[in-house]
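Chains A and B, in that order, are what the protein sequence lines are. Counting in my numbering, the first sequence runs from 91 upward without gaps. Counting in my numbering, the second sequence runs from 91 upward without gaps.
Some hints here could point you the wrong way.
Just so you know, same-sequence chains aren't split out, so a pair can sit in one copy or run between any two.
[What the hints assert, rightly or not] Capping the alpha-carbon separation at 20 Å, the derived lysine to aspartate or glutamate pairs in EDC-like fashion look like this: (1) Lys181 x Asp232; (2) Lys181 x Glu149; (3) Lys139 x Glu153; (4) Lys212 x Asp232; (5) Lys181 x Glu153.
What the hints contain is simulated information worked out from the structure, not anything from laboratory work.
Here are the chains, one letter per residue:
There are 2 protein chains.
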Amino acid sequence: MALIVQKYGGSSVGSIDRIRNVARRLIETHKAGNAVVAVVSAMSGVTDKLIGLAHEVCENPPERELDMLLATGEQQSIALLGMAITEMGYKARSFTGRQAGIFTYGSHTRGRIRSIDASAVKDALQQGCICICAGFQGVTTDGSIQTLGRGGSDLSAIALSSALKADLCQIFTDVDGVYTCDPRVVKDARKLSVISYDEMLEMASSGSKVMQARSVEFAKKFGVVFEVRNSMNNNPGTIVQEETSAMESLVIRGVSIERNQARVTVSHITAPVPYTAIILSTLAEADINVDMIVSNTAHDGCARQSFTMNMNDLGAAQAALKKVLPQLGDQARLDTEAGLAKLSVVGVGMRSNSGVAATMFRALADAGISTGMIATSEIRITTTVEAADIERAANVVHAAFHLNVLQA
Amino acid sequence: MALIVQKYGGSSVGSIDRIRNVARRLIETHKAGNAVVAVVSAMSGVTDKLIGLAHEVCENPPERELDMLLATGEQQSIALLGMAITEMGYKARSFTGRQAGIFTYGSHTRGRIRSIDASAVKDALQQGCICICAGFQGVTTDGSIQTLGRGGSDLSAIALSSALKADLCQIFTDVDGVYTCDPRVVKDARKLSVISYDEMLEMASSGSKVMQARSVEFAKKFGVVFEVRNSMNNNPGTIVQEETSAMESLVIRGVSIERNQARVTVSHITAPVPYTAIILSTLAEADINVDMIVSNTAHDGCARQSFTMNMNDLGAAQAALKKVLPQLGDQARLDTEAGLAKLSVVGVGMRSNSGVAATMFRALADAGISTGMIATSEIRITTTVEAADIERAANVVHAAFHLNVLQA
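Next up, chain A with everything else stripped away, as it sits in the complex (with noise of 0.2 Å):
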């Protein structure tokens, strides 16, 4: 006998109908012969709910209030999925994080995952239960109820697989797995049957959002393979699993792609000043994320420096580095570049096999699209390109390595 997580969020549990749809696929794997456990999220607007009463009562509402508030949600979700399943004749045990003995530390409304006691669930599985347990929320050794953050509950069943030594870890969405590339972007984009976590790291980095890299970190860590799934049919899916040396015959694992990007550039520095670290403490201050930066001497020994960021930041930005300017030399400047985008190419494959960026690049160029800043890791290519052309990048890059028909 097996034993399997499925991670359902949000938007599989949304409705009445869809938590129905859920305990149906949760009864066939149980009757497959497998011991089942069920991590679920809040039904899909609920949170938001719940959120905008905390803000009718307050500007700010205290964190530890805040998750014993949005504690609920999931609760209420677990409690109707038990409900289901028994309902159609099975026997279901649903559990708060509290009851699953998921314990967490740190602070409220982004907790961390310390420990997991999965005696509770284990005893539930051995009497035959479908066993539920609340995502996204744990307890503190005081007692308190703590939530998790964004992507909590892929967490939750991560951390659960690992406690529980699941056989197989499923976290259930509405896409079928990891592609090649956004196929609403790229129309021959194929799904990937497997992804190594650093790899998928790299992707989520990049702009590929199917799963907070936390939760892939952790499963990184703990050895926990996993799979993204969709919950509405039975395709298989992606499995995201440690780097096997089989992965490196392939050049290019996938393109991904982030909108909305912003360079700031700081040239004309000629003080002699750290100005590296003035520069991002002050973004930092301002709690701005930085993504990528370049920094280099112009032909003139003034140094400059460029980054890009979310382009929802670039105004903060710009007000706080215009305060410290003079601090980096009389002629010091500011400029700024709205409208970009960035296209990552990823791959372990890339360590072993050479010439990666020359493709990537030479494609663009035969585009004739015009490539700005560029970023490298062991496993991962980024540029930057004009919003406008990012489609059409995406596109070129990933007939360039043949992504449409090699098979991982």
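Given the coordinates of chain A, assemble chain B onto it according to the supplied hints.
Chain B alone, transformed into the frame defined by chain A:
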């Protein structure tokens, strides 16, 4: 410094504005130098909405899962109230039933309180927090959430008062206190300043629905003095406490009425069988609560038995009794009378004042109101009257005992 427990029902926290109103009241009590513990219900309408959701999923929701679902209603109220108090600049901490240490046993959806470990609440009080506890819910020894059934929040408040050795327990509701009679029926009904546990119990069982009997019984058992007050004003309420000798000076504390009653009579019982046992167990199996019971033998030597019940149960009672009628004799017959009401006078003074029944039935006779079945306890006399007569009956009896002018 006094420790005060205040319970607020669903209508008192029925909107964000009302939650703010409760927050202000708690803060006032805190600022007056008291340690304050609030016990709150779900926002009015929320519990019904959740029950509706459950019934969309199944006809008979499994009760453990129903408790899991319903408990979210109070959890939302305590979180929002905690936010409102924090927003007003005071320290607050919310507690689910489990966090407040309310341990329960018995059946789901109608749990009973077994014990309370109030140490976490005490700690928070010591830190200067206003503590906000979810009413209506607790946790079993195996960690399942259990709700306490109707009137459960009152019970939570009284049990917490007992565990915390509170100096005062205030049950806030939408009326000013306990009245000599329902003011919608008797215009000059007076609010009582004090009432004994036993009188309150008799009032509850005979139709005055200020509180469920079980909460009053718990308060009596553990000697918790409590006050019933209005959450929308600052009027003094009614103190409910152990009987004192002074209370006997008043003949009658109040008049209570209950509408929607029906009478069932089984007559011509000739079979030598334990007919009372047969009839009552038949009704119990059909889940029908019987109230007044009168048994006698008619002049022809046949036994007859009458009992009252809620009119809604009449059809089910007839169906159930018809099946067992043949066991009671060839001639046994069933008669029913709908459209009745019950009128009761209640008071510990009855024990030391003779002539209470005479005064009551004289007043009714003088008004031309005919009475039916009669039942008595040590401190209560009840009679049935025609439903059409009940308001007039209440007024003449209320006046006969001078309840509009006497001071308790």
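Here is how each hint holds up against the structure:
no.	hint	in the structure
1	Lys181 x Asp232	between (32 Å within a copy, 18 Å between copies)
2	Lys181 x Glu149	between (43 Å within a copy, 16 Å between copies)
3	Lys139 x Glu153	within (16 Å within a copy, 26 Å between copies)
4	Lys212 x Asp232	between (24 Å within a copy, 14 Å between copies)
5	Lys181 x Glu153	between (36 Å within a copy, 13 Å between copies)
Checked against the numbered hints given earlier, this structure breaks none of them.
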